[in-house]
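Residues per chain, in single letters:
Number of protein chains: 2
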Amino acid sequence: MVTPELFAAELHSSLTDASLSSMNFLNEVAQRFPEAISFAAGRPHEANFDVALIHEYLDTYCRHLAEAEGRTEEQVRRALFQYGRTKGIIHDLIARNLAADEDVVVDPESIVVTVGCQEAMVLTLRALRRDERDVLLAVSPTYVGITGAARLVDMPVVPVSSGDDGVDLDDLTAVVRRVRGEGLRPRAFYLVPDFSNPAGKSLPTSRRRELLRLADEFDLLLLEDNPYGVFRARGERLPTLKSLDATRRVVYLGSFAKTGMPGARVGFAVADQLVGDAAGGDPTLFADELSKIKSMLTVNTSPVAQAVIGGKLIAHDYSLLRANEREIATYARNLAQLLDGLERRFTGPSRDAVPRVTWNTPAGGFFAVVTVPFDVTDELLALSAHTYGVIWTPMRHFYDGVGGERQLRLSCSLLDPDTLDTGLDRLAAFITDQV
Amino acid sequence: MVTPELFAAELHSSLTDASLSSMNFLNEVAQRFPEAISFAAGRPHEANFDVALIHEYLDTYCRHLAEAEGRTEEQVRRALFQYGRTKGIIHDLIARNLAADEDVVVDPESIVVTVGCQEAMVLTLRALRRDERDVLLAVSPTYVGITGAARLVDMPVVPVSSGDDGVDLDDLTAVVRRVRGEGLRPRAFYLVPDFSNPAGKSLPTSRRRELLRLADEFDLLLLEDNPYGVFRARGERLPTLKSLDATRRVVYLGSFAKTGMPGARVGFAVADQLVGDAAGGDPTLFADELSKIKSMLTVNTSPVAQAVIGGKLIAHDYSLLRANEREIATYARNLAQLLDGLERRFTGPSRDAVPRVTWNTPAGGFFAVVTVPFDVTDELLALSAHTYGVIWTPMRHFYDGVGGERQLRLSCSLLDPDTLDTGLDRLAAFITDQV
Numbered sequence: 001m002v003t004p005e006l007f008a009a010e011l012h013s014s015l016t017d018a019s020l021s022s023m024n025f026l027n028e029v030a031q032r033f034p035e036a037i038s039f040a041a042g043r044p045h046e047a048n049f050d051v052a053l054i055h056e057y058l059d060t061y062c063r064h065l066a067e068a069e070g071r072t073e074e075q076v077r078r079a080l081f082q083y084g085r086t087k088g089i090i091h092d093l094i095a096r097n098l099a100a101d102e103d104v105v106v107d108p109e110s111i112v113v114t115v116g117c118q119e120a121m122v123l124t125l126r127a128l129r130r131d132e133r134d135v136l137l138a139v140s141p142t143y144v145g146i147t148g149a150a151r152l153v154d155m156p157v158v159p160v161s162s163g164d165d166g167v168d169l170d171d172l173t174a175v176v177r178r179v180r181g182e183g184l185r186p187r188a189f190y191l192v193p194d195f196s197n198p199a200g201k202s203l204p205t206s207r208r209r210e211l212l213r214l215a216d217e218f219d220l221l222l223l224e225d226n227p228y229g230v231f232r233a234r235g236e237r238l239p240t241l242k243s244l245d246a247t248r249r250v251v252y253l254g255s256f257a258k259t260g261m262p263g264a265r266v267g268f269a270v271a272d273q274l275v276g277d278a279a280g281g282d283p284t285l286f287a288d289e290l291s292k293i294k295s296m297l298t299v300n301t302s303p304v305a306q307a308v309i310g311g312k313l314i315a316h317d318y319s320l321l322r323a324n325e326r327e328i329a330t331y332a333r334n335l336a337q338l339l340d341g342l343e344r345r346f347t348g349p350s351r352d353a354v355p356r357v358t359w360n361t362p363a364g365g366f367f368a369v370v371t372v373p374f375d376v377t378d379e380l381l382a383l384s385a386h387t388y389g390v391i392w393t394p395m396r397h398f399y400d401g402v403g404g405e406r407q408l409r410l411s412c413s414l415l416d417p418d419t420l421d422t423g424l425d426r427l428a429a430f431i432t433d434q435v
Numbered sequence: 001m002v003t004p005e006l007f008a009a010e011l012h013s014s015l016t017d018a019s020l021s022s023m024n025f026l027n028e029v030a031q032r033f034p035e036a037i038s039f040a041a042g043r044p045h046e047a048n049f050d051v052a053l054i055h056e057y058l059d060t061y062c063r064h065l066a067e068a069e070g071r072t073e074e075q076v077r078r079a080l081f082q083y084g085r086t087k088g089i090i091h092d093l094i095a096r097n098l099a100a101d102e103d104v105v106v107d108p109e110s111i112v113v114t115v116g117c118q119e120a121m122v123l124t125l126r127a128l129r130r131d132e133r134d135v136l137l138a139v140s141p142t143y144v145g146i147t148g149a150a151r152l153v154d155m156p157v158v159p160v161s162s163g164d165d166g167v168d169l170d171d172l173t174a175v176v177r178r179v180r181g182e183g184l185r186p187r188a189f190y191l192v193p194d195f196s197n198p199a200g201k202s203l204p205t206s207r208r209r210e211l212l213r214l215a216d217e218f219d220l221l222l223l224e225d226n227p228y229g230v231f232r233a234r235g236e237r238l239p240t241l242k243s244l245d246a247t248r249r250v251v252y253l254g255s256f257a258k259t260g261m262p263g264a265r266v267g268f269a270v271a272d273q274l275v276g277d278a279a280g281g282d283p284t285l286f287a288d289e290l291s292k293i294k295s296m297l298t299v300n301t302s303p304v305a306q307a308v309i310g311g312k313l314i315a316h317d318y319s320l321l322r323a324n325e326r327e328i329a330t331y332a333r334n335l336a337q338l339l340d341g342l343e344r345r346f347t348g349p350s351r352d353a354v355p356r357v358t359w360n361t362p363a364g365g366f367f368a369v370v371t372v373p374f375d376v377t378d379e380l381l382a383l384s385a386h387t388y389g390v391i392w393t394p395m396r397h398f399y400d401g402v403g404g405e406r407q408l409r410l411s412c413s414l415l416d417p418d419t420l421d422t423g424l425d426r427l428a429a430f431i432t433d434q435v
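Chains A and B, in that order, give the protein sequences. So the first sequence is numbered by the UniProt record's numbering: it starts at 1 and just counts up by one. So the second sequence is numbered by the UniProt record's numbering: it starts at 1 and just counts up by one.
Take these hints with a grain of salt, some might be off.
Claimed, not checked - Here chain B is said to cover these stretches of chain A; the calculated rule only asks that three of the stretch's residues, wherever they fall, bring their Cβ under 8 Å from a Cβ of chain B: (1) 6-19; (2) 45-58; (3) 81-87; (4) 107-120; (5) 199-213; (6) 289-303; (7) 360-372.
To be verified - Facing chain A, a subset of chain B residues (Cβ under 7 Å, in silico): (8) 212; (9) 345; (10) 347.
Everything labelled a hint here was simulated from the structure, so no lab data went into it. Cβ coordinates follow ideal geometry from the N, Cα and C atoms, glycine included.
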């Protein structure tokens with residue numbers, strides 16, 4: 001019998017948190033059944049991965065530094081090799097991208113380049129969480145990454161219903177009032193307005209404007225997370241909250257994991273809020289406060305990784321819509337195939353066999369939600385993986401408490417058409433057998 | 001008058017922490033006087049920076065995956081592009097490096113690859129800090145990065161005197177007893193045993209053994225930070241604490257910023273401690289607990305950045321001693337020139353003019369400490385930069401409280417011989433004028 005050096009009960013509470021442990025369970029299932037077709041992973045499609053692109057993007061970025069910015073060879077070498085600026089070195093390129101694709105015009109100084117969007121969330125919540133009175137509001141169901149970031153800084157997450165179209169503004173109002181009535185401070189409200197993970201919902205433009213008005217009324221920051229906005233499958237793109245934000249209420253959380261390359265681990269925050277100083281000094285930029293925290297967390301984001309993303313932005317004239325033309329088409333095709341496939345399998349002639357199976361019809365992104373007439377448990381997931389060879393995600397894991405018991409999330413980003421079809425056959429067999 | 005959206009008094013306390021604000025002041029001085037010769041920056045020398053190396057290392061790593069590990073082209077592409085293993089993808093290469101250079105033999109599964117050593121510190125402290133009773137002991141003066149990491153997780157840092165040779169073990173004993181007597185839990189003791197930053201001290205081997213014995217006696221983890229151990233200028237290399245660690249008391253914090261390339265931002269933790277489960281389940285590896293925290297902090301370390309470091313390790317047969325032959329010689333030359341230069345300027349014929357100026361004589365690394373007969377303030381630093389054209393670091397900034405008032409730190413890693421000599425002339429003029 002080996003005596004352990006440490007005990008779980010003496011480590012930070014996030015390590016034994018139920019909702020995060022459940023995500024580990026999901027990963028384990030995926031690892032235990034590698035042959036199963038997975039509708040679980042929200043990973044980008046791999047068709048256009050090519051190692052030569054990494055070399056190309058690096059060279060493109062170095063050429064840009066030399067030619068467009070007039071840096072000497074020594075300065076270019078230093079930019080890639082040496083410790084770099086805490087807020088990042090491709091902030092200007094990101095600002096040009098936001099202007100080109102999102103109609104968001106911001107001073108590059110208000111951008112902090114981060115180690116993926118996850119670090120941007122941690123920086124923001126760490127800055128906002130001063131003491132035990134500070135809480136985060138988050139749309140429910142919510143992305144597990146924001147729950148994790150909140151756990152790391154001991155910040156409670158208070159759910160706000162996503163309603164039918166992304167956010168239930170009446171519930172938001174009620175929650176703000178209730179939380180304040182309890183003596184707590186709702187520091188921000190987190191949401192994914194476009195093709196949300198996990199629900200696949202998008203907030204209509206009118207609701208975006210109402211939400212911004214409410215944020216003003218309640219003196220509330222909005223954390224807009226937008227990893228999927230580029231991937232609209234049908235209809236017109238909607239304006240981001242940040243593009244409508246006349247009063248600096250929105251901290252925009254950006255990710256290049258889906259539009260750039262997951263392996264670069266580059267994301268960013270746009271934090272153009274002013275921070276007042278009690279001593280009456282000049283206000284600082286919230287981005288500069290996030291930068292101070294970053295200096296204690298990761299020092300700076302790898303300049304090599306930033307150069308890869310920077311090179312991709314330059315190569316496509318700063319437009320990720322242009323850079324992702326093939327990917328946008330792939331995801332639109334997959335989503336249509338997923339929704340059509342559900343339609344064919346669960347309505348019409350076969351409908352009697354599997355009654356009360358419904359799903360939403362997202363207009364883009366990676367995710368759709370299926371509602372079934374039985375409880376969707378981790379045990380059923382294990383059965384589905386083992387016996388039917390298909391993996392998905394129980395929606396309950398995205399609720400911090402009650403909700404999603406009879407729902408499962410399907411992601412279609414990583415699959416090819418044939419695999420997707422076979423996966424749907426297996427899923428239909430699994431669901432039919434449970435009813 | 002613009003109304004700010006946020007107020008500093010409502011943000012996390014680390015943002016207004018005195019010791020961290022002072023580091024910002026130092027950076028500002030360096031930026032305000034770019035023409036001044038800097039003995040402040042602990043950055044690696046730039047002579048061997050070459051963008052072609054990044055391409056070469058990437059290719060070397062990809063070839064290794066294909067040839068040594070038998071991965072298909074698709075698998076190699078996926079390894080670099082896609083989301084990766086949370087604990088990293090070059091853990092096995094790092095384990096080979098530790099065996100080759102440090103006589104440290106560990107299971108690669110006990111290694112977590114991190115975004116620089118800074119993230120390894122944050123992961124470790126976040127895991128160990130459960131509530132307000134948990135404190136960190138740290139050698140004083142100490143590296144500001146560990147202070148920052150501790151502030152981020154609201155963990156008080158209790159100083160332990162570094163004494164004459166790195167750690168005053170009597171003081172460590174007294175501090176552990178006092179802290180426990182106050183009902184607090186000293187969760188770990190942080191130190192840099194080799195060529196410490198900022199003091200340039202190294203712990204003799206006999207002291208290392210005594211320290212390990214004390215750690216056993218006190219049931220205390222040791223956090224061994226070793227960024228400079230490779231850079232011995234004279235004498236025999238000493239064994240790392242981890243190589244002497246028979247009872248898994250040591251969490252080894254590794255950095256490739258000086259030995260690999262700062263721009264990759266890759267570091268690691270070796271955490272082979274067992275973590276017991278109150279429910280009586282199998283113990284887990286502390287590395288796996290750190291990995292859970294990493295999944296909420298940065299998800300994973302950029303595989304592209306890891307590939308660059310991995311390629312460098314492979315290219316030099318896993319030895320950083322071999323990879324850094326030129327750098328080791330450069331730093332040894334610079335340190336000798338620094339110490340000789342101080343000797344020439346502050347002893348002998350000119351000694352009468354500047355009495356009581358003394359300095360230590362590190363056997364390697366980047367740093368030496370000069371003691372002067374006047375108070376070394378931030379104002380004097382600004383004067384030195386402006387009027388004498390030379391920058392250094394007041395040692396008081398590395399003490400979390402009292403200490404170092406009449407000392408300054410000199411770093412010689414980044415300078416060339418001529419600049420170093422001119423810098424010492426300026427420093428001598430500055431010091432002479434203050435006496």
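Structure-based check of each hint:
| no. | hint | result |
| --- | --- | --- |
| 1 | 6-19 | holds (count 10) |
| 2 | 45-58 | holds (count 7) |
| 3 | 81-87 | holds (count 4) |
| 4 | 107-120 | holds (count 4) |
| 5 | 199-213 | violated (count 0) |
| 6 | 289-303 | holds (count 12) |
| 7 | 360-372 | violated (count 0) |
| 8 | 212 | violated, 13 Å |
| 9 | 345 | violated, 30 Å |
| 10 | 347 | violated, 35 Å |
Of the numbered hints stated above, those contradicted by the structure are hints 5, 7, 8, 9 and 10, listed in ascending order.
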